[in-house]
Amino acid sequence: MNTEILLQAAALGLMQGGLYAIMAAGLTVIYGVMKVVNFAHGEFITLGLYLTLTCASLGLGPYAAAPIVVAVVFIIAAGFFRLMILPSLNHPQINQMLITIGMSFMIIGAIQIIWGANNRVVPLSWARDAFELGPVRITYTRGLAFLTALGVAGSFWWMLKYTRFGIAVRAASQDPASARICGIDVRRVQLVTFGAGASLAALAGALMAPIFPMNPTIGVELFLLPSFVIVVLGTMGNFAGALIGGLLIGLVEGIGGLLLGSSLRQLISLSIFVIILLFMPRGLFGGRT
Amino acid sequence: MTKALNPSRRTVLAGLAAGASATTLATPLIAQTSPVKVGFVLPLTGPFAEAGQLQKEACDMAVEDINAAGGIKSLGGAPIEAVYGSYQTEVAEANTETERLLAEGVVGLIGPYSSGVAIAGTVIAERAKVPYLVPNALSDEITSRGLTYTFKTVPHVSQFAIDAADVVAMLDAKAGVTSSTCCVIRVDDFFGNVVGTQFERILPEKGCTVLDDLAHPQSPTTLEDVILRVKAADPDVVFAAGEPAAITLLFQQLKELDYWPKNGWVGVGGGYSNSVTHKNLGPIAEELICINDWFPGINRPGAAELNARFKERAGVDMLGNANTTYAGVWIFAAGIESAASTDPTAIRDALSSLDLTEGPATFMYERIAFDPSGMMQNSPNVAAQIKDGTASVIWPGGMSSAEPLWPVPGWANRG
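Heads up: the protein sequence lines correspond to chains A and B, in order.
Each residue of the first sequence is one higher than the last, beginning at 1 in our numbering.
Each residue of the second sequence is one higher than the last, beginning at 1001 in our numbering.
Bound conformation, chain B alone:
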């Protein structure tokens, strides 16, 4: 008894050594199964919250799916932990949140919604040597500045301008009409200015004269002045990009003023394909043509099932930005998996050399690989027309599921 209560020095040292070695052995196991923190910078409140909340829903769903599928297997099944940073519209506000997430030790960042925020946030991430995956912001500039920790999975604005012109050319050819004049409507911020510049450059090259390029505030009290300017210009077609709240107001007021361009309206980007916008607009959104990188009706493996699961969860289709965000989280997880490390630089290197043709993210992309600038090599656009509240794919031909209506008649002549 006495011996047991008063162990010899040798016994104590042996015990300590055994304990120490056990601790040393256990450390990697604990480290490997502890959650891998990934930061998300999203506009969860404010005028862009409609998009931000859908993105968050997609992030949560992706993280749950990844963790349910066994987490990061190369890290012993470590689960991903989403850490959110929220901003409204201001770049400075988003930067503060980005810095906070970095201070919390995230291994990478995913987001944001706006191009201006992405331009600034990716520089902060570059300085911190942490990879930043941009699954929504469209500006060409995001990946053209030589940043080595930035990855972008969505098409450039310039690509949207080219595709928008091609879609209208296809519709014109089918209907036997000509759309030689247009107006551009966009928000007066960094993204809107990029849209204005690219559309004004590319559309005339495609044979469409821009009669007026109209910018409006991020949060407008009214857009009647914009509509009256378009009415005065009398274009064949309107090309527009914007945010859900402004688009809702714009379309409500188009109907109120009984104005519709001669041939139709083409909206590009996440705002125009946001399912909450379509839901809010109801019948007013009918026959609107929107161009984005994915629609639930697209002929890709797993697309319909994924959309059904998302719709059950969020109450709306996986449109706007939700699809790209969901895919982005899986792509980032594939980077961590391939790196088998939580070191941000190792994850960056793994993302750079990623080349996937299968896996959950292929519901959107045929092949997932980045070029040296960090831009996804294969991120094409798709055009859809809203029919009975659903975005039906009309372009490119191989993916289309519905016949387009073109020219789209004015409000008084719709069924």
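For reference, chain A alone in the conformation it holds in the complex:
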């Protein structure tokens, strides 16, 4: 295996990692604020893909469609939160898990009814065009997806850290009761956070639309497990941890898939998952127990 091919694999892994990062960021922010493990997260990615497809059929390119897709998924997710998650927030965590699994089935079913079960692709004339950086070849769509994912995730992180709403989110996350006493509308914060977390997933879907063929179960089958691995790796609820974890898993999968074979690429990330759970159960950024 020559260095050129190794560098190419690493670069492609990093590109994939950027998408993983934004998916995992959405999942971790929801867990961080309301301790809900959202098993329907993959379906918000799928919704992002299919809504982009619909926009494309109406003549709107995938990148122009992204804000619309994000807004629509925000509204859908907020609706799910209000109707199904909020009433169960004070119940045992297993209830919310089961509810999100139910949501996952509902969304997959709806997608099948609306868009059909066939694989679909978003047509984009320059989807396969690429630029070269030395020995590394990267498509513009991958590069754009990577930069947008990191840009949006970075902005989100800045928002959480430095804005009033971000402080409210963190307060609601750390101590909801005290936050409520301080006048923070915790319910509203939770609703917006759930919608925003799902929107990050949808954004990943919109950015992936010109890259991946889609089918109704792609979210749960391909992206839910890596998202969970990254969230645990980067410490559950830690936004920056999810971003770093995403890039790391992407890179490891890219090189590992090349060296060990495509079939074993998930084995590598799952092995990391198990090792982290055994030796650093709070993840890379959670300190030792």
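Hints were generated in silico from the structure; no laboratory data involved.
Note that beta-carbon positions come from the ideal geometry of N, C-alpha and C, so glycine has one too.
Treat the hints with care, as some may be off.
[What the hints assert, rightly or not] Derived pair list, reagent style EDC-like, types lysine to aspartate or glutamate, alpha-carbon separation capped at 16 Å:
1) B:1037 - B:1343
2) B:1255 - A:129
3) B:1231 - A:4
4) B:1262 - B:1172
5) B:1129 - B:1104
6) B:1255 - A:132
7) B:1206 - B:1166
8) B:1037 - B:1099
9) B:1174 - B:1403
[Claimed, not checked] According to the in silico footprint, chain A covers these stretches of chain B (three or more CB under 8 Å from chain A):
10) 1042 to 1052
11) 1208 to 1216
12) 1221 to 1233
13) 1243 to 1255
Chain B: place on chain A using the hints.
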């Protein structure tokens, strides 16, 4: 009046006897015209849904055609009723559906898509003594286990390996090039492992060294690692088998990475000849060579008309698995017709002794007859090359409708 309202005991008994005999006489008539339930086990959702939905479309069309032609005439024109069982990828899920269909009283089963599911499902059918006709799954093993209720109408994987090597040899000879090295790309499941084993066994016997045998997951997040491994091996030709979703991703990423093997790419089986895959790939699919048991351009009676009807209905050519499934339903109906019974064992016996040279299913086969293992005796392969979005037959010579392009140039040098 009183007499009419209070009939004598004799009148009542006579009436009851007449009623009873009328009921007895009517029973066979009702039984004969009630629908004959046939079960279909297909991947209607999930990553193989592309193929499963096309198969379902073919099943529905075949059932409608059979019923419109008068149903099963030996059963008084009884219509066929399709009962569907759906799975995604899991064998266990398909087994549950197979059991459910059997419990619903189907007289036979047709399907599935994947070889692994067929291997398990045919054992369940054997236990229940219900015939299972397999019109798509390719594994040699399906009919090599001594099962007496299993019938397979498509060529074995080993035949695909032999034919793929012969097609490349023919193309090499025509173009004056040599393809002495290859890579095999296939999915990492039961079917893929069978492909890997057979291709690794047969290709070296045909003079083609396998440089790398690359397996990938059923639902891959990326196939760039596979492509980079092939690029590192630098083969003359790539032989591949897979499912529509993975093939679409693979070809998109081949173009993205600007990689193409020295001479060309040969895809075998239903995934590579699936018309939805070609449609999704658009110009990227051009010049791909695919080998399967039938293409609409084939010179067989009724082939073009049937494809036109299917295309009008489904929006795509009758490729991939739709053609074999459509033919399979007609073959199974011929079995019921010949058995003149809804008893599954009688249908099995009728299928075993079937020998047809005419009828709707001959749009694919010259002769329909099964050997003692349940394998269709005459199910040859055909090779086609995608040209302007259409699969044009290039092999065998007598059936070809287009001149092949070989070696197929890399992405940058295509017109």
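Comparing the hints with the structure gives:
1. Distance restraint check for residue 1037 (chain B) and residue 1343 (chain B): the Cα-Cα separation of roughly 11 Å lies within the 16 Å cut-off, and the hinted pair is therefore satisfied.
2. Simply put, residue 1255 (chain B) and residue 129 (chain A) have alpha-carbon atoms about 8 Å apart, close enough for the 16 Å limit, and the pair holds.
3. Between the alpha carbons of residue 1231 (chain B) and residue 4 (chain A) the distance comes to roughly 11 Å, so the proposed pair stays at or under 16 Å and holds.
4. Among the hinted pairs, residue 1262 (chain B) with residue 1172 (chain B) is consistent with the structure: their alpha-carbon atoms are about 12 Å apart, no more than 16 Å.
5. With a C-alpha separation of about 14 Å, the suggested pair residue 1129 (chain B) and residue 1104 (chain B) falls inside the 16 Å cut-off, and the hint holds.
6. Between residue 1255 (chain B) and residue 132 (chain A) the CA atoms are separated by roughly 14 Å; this keeps the pair inside 16 Å, and the hint holds.
7. Under the criterion of a C-alpha separation no larger than 16 Å, the hint pairing residue 1206 (chain B) with residue 1166 (chain B) is consistent with the structure, at around 8 Å.
8. Between residue 1037 (chain B) and residue 1099 (chain B) the CA atoms are separated by roughly 14 Å; this keeps the pair inside 16 Å, and the hint holds.
9. Between residue 1174 (chain B) and residue 1403 (chain B), the direct Cα distance comes to roughly 10 Å. Compliance with the 16 Å bound is thereby established for this hinted pair.
10. Residue count for the segment 1042 to 1052 of chain B with a Cβ under 8 Å from a Cβ of chain A: 7. That meets the three needed, and the coverage hint holds.
11. Beta-carbon proximity to chain A at under 8 Å applies to 3 residues in the segment 1208 to 1216 of chain B; the threshold of 3 is reached and the given coverage holds.
12. Figure legend: the segment 1221 to 1233 of chain B, annotated as covered by chain A; annotation consistent (10 residues with Cβ-Cβ distances under 8 Å, at least 3 required).
13. Restraint check on the segment 1243 to 1255 of chain B versus chain A: 6 residues with Cβ-Cβ distances below 8 Å, three needed, restraint holds.
Violated hints: none; the structure is consistent with every hint.
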